[in-house]
Structure formats: C-alpha cells, structure tokens
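Please model the complete structure; the sequences and the hints are all you need to start from.
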Amino acid sequence: MIASIAFRNFKALRNARIQLERFNLVIGPNGSGKSSLIESLMRLRTLARLPLSDLPVALERHGVGPEVSFHFFPPFDGWEAVMMCATEHHCDLLQAIPLPAGGGIEDWPTLRERLLRIRRYEFDHTAIGRPSLLKDGHELSIDGGNLAAVLARWQDSAPAAFNGWRSDVLRTLPEYDDIGVIKSAGGRASLRFSLVDHGESITGEELSQGSLYALAIFALACDPDPPAMVCIEELDRGLHPRLLREARDALYRLSYPETAGLSRAPVQVIATTYSPYLLDLFRDHPEEVVIAQKHGRVAHFTRLCERSDLGELMAGASLGDLWYSGILGGVPDEAGGGSSPKAEPAKP
Amino acid sequence: MKLAILSESPADEAALCLLIEAVLGSPFVRVQANLRARGWPSVAQVLPAVIRHLHFNTDAHGLVVVVDSDDSVVHTELHERPDYFHPLCRMCRLRAVFRQTTKNLPMARGRTRVLRGVGVAVPAIEGWYLAGREPDVTEEAWVAGQERGRAPYSRAQLKQRVYGTDRPSLVHATNCAIREIRRLVPDTRRLEHDFPGFAALARDLRTWRSP
Chain A
0 MIASIAFRNF
10 KALRNARIQL
20 ERFNLVIGPN
30 GSGKSSLIES
40 LMRLRTLARL
50 PLSDLPVALE
60 RHGVGPEVSF
70 HFFPPFDGWE
80 AVMMCATEHH
90 CDLLQAIPLP
100 AGGGIEDWPT
110 LRERLLRIRR
120 YEFDHTAIGR
130 PSLLKDGHEL
140 SIDGGNLAAV
150 LARWQDSAPA
160 AFNGWRSDVL
170 RTLPEYDDIG
180 VIKSAGGRAS
190 LRFSLVDHGE
200 SITGEELSQG
210 SLYALAIFAL
220 ACDPDPPAMV
230 CIEELDRGLH
240 PRLLREARDA
250 LYRLSYPETA
260 GLSRAPVQVI
270 ATTYSPYLLD
280 LFRDHPEEVV
290 IAQKHGRVAH
300 FTRLCERSDL
310 GELMAGASLG
320 DLWYSGILGG
330 VPDEAGGGSS
340 PKAEPAKP
Chain B
0 MKLAILSESP
10 ADEAALCLLI
20 EAVLGSPFVR
30 VQANLRARGW
40 PSVAQVLPAV
50 IRHLHFNTDA
60 HGLVVVVDSD
70 DSVVHTELHE
80 RPDYFHPLCR
90 MCRLRAVFRQ
100 TTKNLPMARG
110 RTRVLRGVGV
120 AVPAIEGWYL
130 AGREPDVTEE
140 AWVAGQERGR
150 APYSRAQLKQ
160 RVYGTDRPSL
170 VHATNCAIRE
180 IRRLVPDTRR
190 LEHDFPGFAA
200 LARDLRTWRS
210 P
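As you go down the protein sequences, you meet chains A and B in turn.
Counted from 1, the first sequence has number 147 at position 148 by numbering that gives the first Met the number 0; the numbering is strictly sequential.
Counted from 1, the second sequence has number 155 at position 156 by numbering that gives the first Met the number 0; the numbering is strictly sequential.
Just so you know, these hints were derived from the structure itself, not from any lab.
Everything numeric in this text was worked out from a predicted model, so none of it was measured.
Take every hint as true, because none was put in to throw you off.
So the derived list for chain A, only partly shown, Cβ under 10 Å to chain B, looks like this:
#, residue
1, Asp167
2, Pro240
3, Asp248
4, Tyr251
5, Tyr276
6, His284
7, Ala316
8, Ser317
9, Gly319
For glycine and all other residues, C-beta sits at the position ideal for the given N, C-alpha and C.
And the structure:
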C-alpha cells in the first residue's frame, strides 16, 4: 500500500526517507526512529478519518513544522498524502495531493478506506490470557486483550480461520493437544488448553508470556479479514529463538498470501526487532530489512540490500552477528565511541 | 545404531533422517533430537562442543552434520589427498574440526570417539531435493558456473523450484523436502553421482555399517 515515507523534522527523523516493501523488518538502536515510523502511520490513519484540507497546497507547505509525506504503490501511485504537524506531538492536517503521473486519482475514498485499516499491535501477555467480552470480538485489539472473544467469533462464523489458528498453535506448542474457547453465561470468552498426557487443562492466564505472544501473532496471521497494514513492535519479544521462524512464517502469510495458497490481498507488515536470531532469517531477503541509524539525535533509514558488499560479508558471518558487530550500523552509540553528530556514518 | 544430526532446520532434519536410513539400510535411533545450528559459520563454531557433549554425555555412535556450501569453495577430489586442507572449503573445515576435537578425547561410553558423517549441499540442500528431477541442477553445473563467474542458478531459484516460493513456511518446506527425498531414497546413486557432497556423507555412513 505505502511505497515510501519522507520525514521532515518529525522527532528524530529530521530529514529521512524510507522505501517500504510488502514485508519490512526494522532493526536499530533505541531512539533511532523505529517507533516514530510506526507512530507516523498511526497519525496518518487518525487524520484519514477527517475531511481533507481544501486549502491550496502552496499555502500549506511553507511551514517549518514537522511534515511527513506518503507515497503509494499502484493503483494509488497518483497520490501523495502529506501530513502536517503543529508540533512533534500534534499533527493536525492531512492533504492529499494528486501527482502529475500515476493512478487512482479518482478513487481517494478507496485509498482512505485502506488507510483506516492500518493497525499497530503492542501485545500485552497479561491482557491476552484474560477472559474477554464476546461483544468485543470484532477484531484483535492493540494489546491482544480480546483474543478469546475474537477466537469465539471465528469459531462460529469463520471456522477455517479458527482451525488454522488452532493448528498453528498446537504445532508450535506441542505440550498441548487441544484448545477450547469457553463461553460463559456472563457473555465472556476464555481459553482452555489441554495438556498432553495429563488429562488436565489450564486457562489462558496460566500460559507463559511467550506462548501468549505466539497465540496473538498466529491470530494476526489467520485473520480472515486482516488489516491493510500491520505494524508490530518487538516481534521477537518473549519468543524462544527457535520459534522465530514460525513467527516470521506467520507474518509472511499476511504479506505474501499467495505463497500460502491464499487469494486475499497482501497485508503490508512493518515489524521491529532487537533479535539477531530473527535477523538471521532474512539472509535470503535483505531487501526486507531496514536499518534505523542514529547519529547524535538525528536518525535515518537505510535498506540492508543497499550495502554493496553484503554478499561478501555474509560469506563469513551470520547476518545477526554482522549486525551485532556494528559493521552494518544500527547499533547504539557508546560513550567515547565517537558517535557524535559529526561521526562518520556506517558505509551505505 | 544411535545417531545425532546437526543441521540448520527441522525441514532439513526430516529429509536427512530418510536419507541416512536409506544409506545405512536400516532404521536408526535419534539421539539428542534437539540439536540445531544457525547456519555457517555457527556450525563450525558450535561443532567442537557438540562433539564433546555427545561423546561424554550420550551413547550416540555417530554425528551427521550437513551444511549448505553457499558460495564457498566446493570440495573436490583434490581436497581428499592426505594432509590436504582448504581453508575455504566447508567439508575440509568440518572434517578438521572433527579431527582436532576427537584427537585427544579419552574413551567414553564404551567407544573411542563419536563417528563422523559430514555432508555439504552445493549450493544448498534444495539442490539435493531436485536431484534426478531437474537435470541441470548438479554440483558439476554449480562448479562450472563458479569457474565462469556466473552461477547457473541462485539459492532463491532453487527454493522456488522445490517449494514453489522462495519464502516457504517451515511446514511447507518440511512437506516438500520429505516428498522429494522419498522419491530419491529407493536408489541414492543418482543423488550421489550428481552431488559428491552427499556422496561423501554416504561414504562416511557406509563405513559405520561394519565398524
């Protein structure tokens, strides 16, 4: 959906640009703009709900305040959406500008509908495990706190999605041999997991933190009506390194549905991570990896595939180790390390 | 026979179990089924510890290690000469690790050392899966491409040919790997002919049948 984003004076992204793919794994130190990237998308979604500004473009685009400009993939490549902000924390204007070339000019409402379907997830394991109100099960909430209700709805109205989720979970967590969604008289749904060989079951609240995150990630991947864009911070959080392949596969199912035999539209995914192990899984697709770099208080993005010597580097070390070593960039400044604003950036 | 397998993914392991059984001509018992490597060079780094662990803490007779060659130097007959070692050849490196690690190990669990089985898939294990199905995919074709400076196919293309996508899920990759290996196991001679990196592993395994 979104092909590129250009930032001006938006938090640490003073003058930065990012090209987006269907799947994007963003790595980098704290404060390097990863969350700001996702925040800009959420603000775009918020402003897309409002009527567009009808002031002339020239009048709008002369300020020095933060500005974020979005370009789109076909069929909407004839639009530029520019978000203008009064302060770093207050973006109050969205202008859709028709470009001289590209398509979709007559169809802003459809693009707007897709922008409204951008979602950000910050899963909270305590919320995921809790019972939830059945009436709240329309779509997975930002913290995954209504997972049981969503699954209860799927069980009734989208059994293929529920069975797919169940199959993913039982394969990945082999200590369980069945999962049930229990509906209580109070209009609540809760999860129960049957332990292999014990004949006992436990509730969602008793599951481990990482297991609960895995449940939510699989729910994203199995959603029969997924968002247009999914942003998920710290995809690796709580997951054992060997489960990261499953997590990546699940999100690939969103971005590349055709590879899983699905006929729905691709979902654009932006995931962030601090895990070298997760990064290792992208050695065959460096174009999907974005390195967020911070030099002093200024951050910018580069694509891993822009690194011309990447093939030679990967011959001698894993991608995760290369990142950790610092030669790819995207590592924290260290005291006395010379990473002042004047420091030489990593080789592009 | 009790064996451990060290490779890069559960999909590879599923395929290797079938191949090992076919070459040995009998079923084997898997020891320490949760071994896994993160790809090169992690395999070479972790291998001494794995060998020592298997030697002292398990009753494994042998360890099978299979890695992809990627773009490294391909092992040739020249490398088989006594005392020859090519530092950029993964077969030479893994064999050297076995040699150095087991050299001074004391006897344990009734055996002097864990037997060595090393295979290198050129350029990736998907090449093995295509043996006999796609005649242009052979180790010889890859080496010829390296000499010309133009690879005959890429890793991504091999994945595409085996899995129908270069982003296969683990489940799909495992199913495809098993399907292709089941096609090959009735007679592994074609695989051994087209992929000397597998033939080397098969030779190692055959020496284990009559220790």
